[in-house]
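Protein chains in written order, with my numbering: chain A, 2 to 113; chain B, 10 to 148; chain C, 964 to 1077.
These aren't lab readings, by the way, just hints derived from the structure by calculation.
Cβ coordinates follow ideal geometry from the N, Cα and C atoms, glycine included.
Do not rely on the hints blindly, as some may be mistaken.
[Stated by the list, open to error] Cβ pair distances, simulated, as ranges: (1) ARG62/B <-> LEU1018/C: 28 to 38 Å; (2) GLU81/B <-> GLU988/C: 54 to 64 Å; (3) GLN92/B <-> GLU988/C: 28 to 38 Å; (4) ASN75/A <-> ALA1016/C: 42 to 52 Å; (5) ALA45/B <-> ASN1035/C: 41 to 51 Å; (6) LEU129/B <-> PRO1031/C: 42 to 52 Å.
[Said to hold, decoys possible] Stretch-level coverage of chain B by chain C, calculated; a stretch enters the list once three of its residues show a Cβ under 8 Å from a Cβ in chain C: (7) 16–30; (8) 80–88.
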Amino acid sequence: MAINAIGSIGAALNSAALQQTGAVNGVESALNTGGAKSGGDDFGSVIVDALEGLQATQKHADSLAVKASTGDLNDVHDYMIAAAEASLATEFTVAVRNRAVEAFNEIMRMQV
Amino acid sequence: MSLFPVLQTSGSALYVNRVWMDAIADNLANVNTINAFDEPAFQARYVVAEAIRTDNNEAIGIGGGTRVAGVEFGDEQGRLRYQPDHPYANEQGIVRYPDIDLGDQMTQLIIAQRSYQMNLTVIDRARDAYLQALNIQPR
Amino acid sequence: MLDLTMRAIQASLDGLAARQRITAENIANAEVPGYLAGRVDFESSLRDALEQADLSDLSVNTSTSLAPTGMNGNNVNLDEESVSLIDTGLRFQMMTEAMNAKFHLLKTSLRRDS
């Protein structure tokens, strides 16, 4: 279960195939609700749900950037705020991933 | 349709005010243009401005600036003056002067200039505001 | 390496730089008789390409302005060019910020330490 979670973190950060759940503060809300999400309540699904939220935030910032490049964006601050949000969410998620990898390595180093 | 609508709006006003000043300059340059009695006098130029109603903020009622709808011409009768020794004078010695009031034109010139300056100020402030928005560091 | 968004941002940077050059040329020729102002349009080509999600065939179109000419055949509108300078400069700044943000996202996810 932990190995699945870490593998899915690595894949999801690079893939664009996840569905959007619309959760904006993905990581924080997932950790606060303690994993009471639709996919079950183990650590793996909590992480995956948080990543789907991150994917949604990044996609939103991307679509606003594309609108800005064709000159169709009406409010500049919309894009700047979305980009700041995406950046923060990514940093949170990367921190969680790094901690999870560290914890996994710790456990693997334990002498049985 | 612009990322920075305020700039387009104020830019349109700059153009209209400049055309207004051009018209006033034309009127003032021709304030002493004499025509014969049987020709129309020099007609004063009046710039007609209209508001631009269509804009991306149309839904909440804010328009997109102003534009020159056209130029109207003033009275062609002009003012008749008695100037018998002018080459254009008819048998009674009457010539036509344009019906342009110097005081009125100078007042309009000051108004046009102040409007132009005000719109430049709006552009300045808007540019500062947008620069601040661009400083929301996304990283 | 560059995804669709980054290539769109890059295309817009190219177009905005071209527009800046044309504006400078227009202002320099503001008193030249018979000079017609130039206009740059990259937005329509970019918008069409984005609808097909295929950014391989983009064009930056330079055309001459159809604005009415003055007495000496010159149709440069200095007010419009000044506003265009400010507008293009701000947009260029915004698109470079956008590009930086995208690269920063990539670099963040590559980081091993936190």
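Review point. Which earlier hints turn out false for this structure, listed by number in ascending order?
Key: 2, 3, 4, 5, 6, 8
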